[in-house]
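2 protein chains.
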Amino acid sequence: MTSILIIGGGGMVGQKLAHALAAQPLADAKDTVTLFDLGFPENGAPANARVSGNVTEAAQVASLIAKRPDVIFHLASIVSGEAETDFDLGWSVNASAFWTFLENVRAEHTASGGTYRPRVVFTSSIAVFGAPFPDKIDDTFLSAPQTSYGAQKAVCELMLSDFSRKGFLDGLSIRLPTICVRPGKPNKAASGFFSGIIREPLNGKEAILPVSTDVRHWHASPAAASGFLRHAALIDLEKVGTRRALNLPGVSCTVEEQIEALRDIAGNDVVSLIKPEPDEAIAKIVSGWPRDFAPERAIALGFSAESNFHDIIKTYIAQDLPKS
Amino acid sequence: MTSILIIGGGGMVGQKLAHALAAQPLADAKDTVTLFDLGFPENGAPANARVSGNVTEAAQVASLIAKRPDVIFHLASIVSGEAETDFDLGWSVNASAFWTFLENVRAEHTASGGTYRPRVVFTSSIAVFGAPFPDKIDDTFLSAPQTSYGAQKAVCELMLSDFSRKGFLDGLSIRLPTICVRPGKPNKAASGFFSGIIREPLNGKEAILPVSTDVRHWHASPAAASGFLRHAALIDLEKVGTRRALNLPGVSCTVEEQIEALRDIAGNDVVSLIKPEPDEAIAKIVSGWPRDFAPERAIALGFSAESNFHDIIKTYIAQDLPKS
Numbered sequence: 001m002t003s004i005l006i007i008g009g010g011g012m013v014g015q016k017l018a019h020a021l022a023a024q025p026l027a028d029a030k031d032t033v034t035l036f037d038l039g040f041p042e043n044g045a046p047a048n049a050r051v052s053g054n055v056t057e058a059a060q061v062a063s064l065i066a067k068r069p070d071v072i073f074h075l076a077s078i079v080s081g082e083a084e085t086d087f088d089l090g091w092s093v094n095a096s097a098f099w100t101f102l103e104n105v106r107a108e109h110t111a112s113g114g115t116y117r118p119r120v121v122f123t124s125s126i127a128v129f130g131a132p133f134p135d136k137i138d139d140t141f142l143s144a145p146q147t148s149y150g151a152q153k154a155v156c157e158l159m160l161s162d163f164s165r166k167g168f169l170d171g172l173s174i175r176l177p178t179i180c181v182r183p184g185k186p187n188k189a190a191s192g193f194f195s196g197i198i199r200e201p202l203n204g205k206e207a208i209l210p211v212s213t214d215v216r217h218w219h220a221s222p223a224a225a226s227g228f229l230r231h232a233a234l235i236d237l238e239k240v241g242t243r244r245a246l247n248l249p250g251v252s253c254t255v256e257e258q259i260e261a262l263r264d265i266a267g268n269d270v271v272s273l274i275k276p277e278p279d280e281a282i283a284k285i286v287s288g289w290p291r292d293f294a295p296e297r298a299i300a301l302g303f304s305a306e307s308n309f310h311d312i313i314k315t316y317i318a319q320d321l322p323k324s
Numbered sequence: 001m002t003s004i005l006i007i008g009g010g011g012m013v014g015q016k017l018a019h020a021l022a023a024q025p026l027a028d029a030k031d032t033v034t035l036f037d038l039g040f041p042e043n044g045a046p047a048n049a050r051v052s053g054n055v056t057e058a059a060q061v062a063s064l065i066a067k068r069p070d071v072i073f074h075l076a077s078i079v080s081g082e083a084e085t086d087f088d089l090g091w092s093v094n095a096s097a098f099w100t101f102l103e104n105v106r107a108e109h110t111a112s113g114g115t116y117r118p119r120v121v122f123t124s125s126i127a128v129f130g131a132p133f134p135d136k137i138d139d140t141f142l143s144a145p146q147t148s149y150g151a152q153k154a155v156c157e158l159m160l161s162d163f164s165r166k167g168f169l170d171g172l173s174i175r176l177p178t179i180c181v182r183p184g185k186p187n188k189a190a191s192g193f194f195s196g197i198i199r200e201p202l203n204g205k206e207a208i209l210p211v212s213t214d215v216r217h218w219h220a221s222p223a224a225a226s227g228f229l230r231h232a233a234l235i236d237l238e239k240v241g242t243r244r245a246l247n248l249p250g251v252s253c254t255v256e257e258q259i260e261a262l263r264d265i266a267g268n269d270v271v272s273l274i275k276p277e278p279d280e281a282i283a284k285i286v287s288g289w290p291r292d293f294a295p296e297r298a299i300a301l302g303f304s305a306e307s308n309f310h311d312i313i314k315t316y317i318a319q320d321l322p323k324s
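In order, the protein sequence lines correspond to chains A and B.
If you read the first sequence in UniProt numbering, its first letter stands for residue 1, the second for the next number, and so on.
If you read the second sequence in UniProt numbering, its first letter stands for residue 1, the second for the next number, and so on.
Think of the hints as simulated: they come from the structure by calculation, not from any bench.
Honestly, I wouldn't trust all of these hints.
Identical copies look the same in the list; a pair holds intra-copy or inter-copy alike.
Claimed, not checked - Straight-line distance between alpha carbons at most 25 Å, and here's what the computed DSS-like set of lysine-lysine pairs gives:
#1 K185 <-> K205
#2 K275 <-> K205
#3 K166 <-> K205
#4 K284 <-> K67
#5 K185 <-> K323
#6 K205 <-> K136
#7 K205 <-> K323
#8 K188 <-> K166
All values derive from a computational prediction rather than experimental measurement.
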């Protein structure tokens with residue numbers, strides 16, 4: 001059996017992961033799953049325990065780590081738009097709290113005489129990259145973020161890597177593509193519209209498109225994200241080596257291609273619900289984001305995602321579109 | 001006039017810089033220079049003020065920033081070998097204290113109504129890079145450090161860049177090559193032998209060589225370092241753009257080439273004072289360090305260094321070799 005802690009387990013990806021772990025355990029049916037988050041959705045994913053709290057409250061995090069979970073998924077974070085408007089909150093939640101978390105794990109490692117050394121999977125982001133980019137970003141391209149969110153994720157990657165190198169834990173940072181189509185309500189992420197322009201029309205609602213249709217971006221579905229996390233928890237880290245931050249596979253397409261995929265699958269009436277409404281602030285953030293990747297290491301290590309945007313829409317319809 | 005604060009002003013590079021600023025001010029003869037460090041050498045470089053203290057003491061740093069220096073050189077750091085053996089001390093001095101420093105600057109920026117926005121030049125290091133490397137590291141190669149020191153420097157770069165992007169200060173991180181030939185006594189830096197094998201024999205003393213002679217590395221003199229710092233303080237940051245961490249010019253050579261340059265300049269008897277004494281711990285750290293660079297951005301921006309190792313030795317003899 002494996003004891004699993006999901007920090008940020010109440011969020012969309014955390015819930016997807018908890019559902020997936022209930023359907024297919026990491027080790028066996030005796031696995032235990034603890035979710036930690038500010039709150040949890042009603043009728044949410046199954047779990048052995050749900051703990052409400054804030055990652056910035058060190059004592060709460062320490063008490064969770066004191067139970068010495070075998071695998072810790074760390075997904076908790078202020079989203080990009082909010083980290084950009086609230087500098088203090090972003091650095092506090094997305095960087096300082098992660099440091100405190102790592103120090104808690106190290107304290108348990110030390111208290112155990114070095115035997116406790118959990119797998120820690122951290123959800124980083126392609127926001128660690130900043131323009132100018134090559135057409136495809138390869139596995140040795142620099143992190144030069146142009147948002148506070150990206151800077152915070154890059155800082156956490158470096159800290160996790162150093163704690164791993166020292167043997168306090170076994171960490172891996174996975175740089176999630178933009179998750180699309182996000183179910184549920186819009187959040188404050190600057191990337192929210194990439195999902196909104198698909199999800200809202202499929203639900204019969206208007207969606208705002210704040211950027212030009214020639215914007216190219218990098219996507220993977222929530223199901224793919226859940227698969228990345230599982231794979232990162234089980235992968236042989238000897239094969240990963242010392243570079244513990246991975247670019248992941250995804251789908252590179254333009255907003256135009258997203259819209260045409262939606263048209264193919266759902267028709268013109270659905271597409272007509274997309275309303276262009278340029279927003280310079282969002283356009284500026286998004287212009288500093290990557291468009292395409294050559295994630296050779298992750299592919300060689302067995303990570304996989306959808307191969308086209310049609311499949312991403314179909315995943316949403318199959319798994320998340322509310323049945324009317 | 002320009003008011004200048006050198007944090008780490010008592011160290012070797014800080015003293016070189018203070019001497020250089022006395023000989024050639026940044027603005028004019030009314031420039032003021034304040035040095036901050038744990039302590040200062042006797043008969044050291046001239047300065048308007050010398051303040052003894054620790055960068056981990058936030059109140060002390062705050063009182064220096066409260067004077068609103070126009071230019072701040074931040075050179076203070078635990079060296080690589082010590083950061084590797086004392087994990088807590090390294091992260092405290094090299095990363096946490098830098099965050100506190102940045103927050104102090106931001107507080108003054110805010111208190112000034114946004115008018116106070118100093119130039120901050122941070123001495124980062126080529127230790128932000130970790131093997132495997134290309135033959136020459138270009139300006140878009142990833143930071144994947146394999147030492148705590150390198151991770152701490154990379155984290156500071158990201159923080160400084162984000163504070164710069166937000167307009168709280170005007171920051172630039174310069175990734176110093178290994179500084180060689182360091183005058184004075186050996187320190188705990190794992191890179192210390194690169195200087196030791198030149199300096200000690202030139203002073204008639206034996207020097208330990210802990211690595212193989214085929215080790216290739218990247219060097220610049222203390223005088224070049226001082227020149228980098230001055231150039232970074234004066235450069236037009238519009239030309240630098242949003243990527244605020246620069247690889248600098250230097251000399252790539254093997255230990256064998258270093259030794260042969262010493263033989264050319266000082267003869268066989270001097271070279272015979274170099275004693276090979278392999279040290280696995282040092283060899284392991286150094287094996288993760290870069291060997292050569294193509295620092296095109298820095299060269300285009302006007303940074304310059306020596307072009308061969310003979311010149312580096314001659315600089316030491318001219319500027320730092322004690323007159324017997």
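The hints, checked one at a time:
1. K185 <-> K205: within (12 Å within a copy, 72 Å between copies)
2. K275 <-> K205: For K275 and K205, only the intra-copy Cα distance (11 Å) is at most 25 Å; the inter-copy one is 77 Å.
3. K166 <-> K205: The answer is neither: 51 Å in one copy and 36 Å across copies each exceed 25 Å.
4. K284 <-> K67: Neither. Shortest intra-copy (44 Å) and inter-copy (35 Å) distances fail the 25 Å Cα cut-off.
5. K185 <-> K323: within (16 Å within a copy, 75 Å between copies)
6. K205 <-> K136: neither (34 Å within a copy, 53 Å between copies)
7. K205 <-> K323: This pair counts as within: shortest intra-copy Cα distance 15 Å, inter-copy 83 Å.
8. K188 <-> K166: Between copies only: 20 Å across chains, 36 Å inside a chain, cut-off 25 Å.
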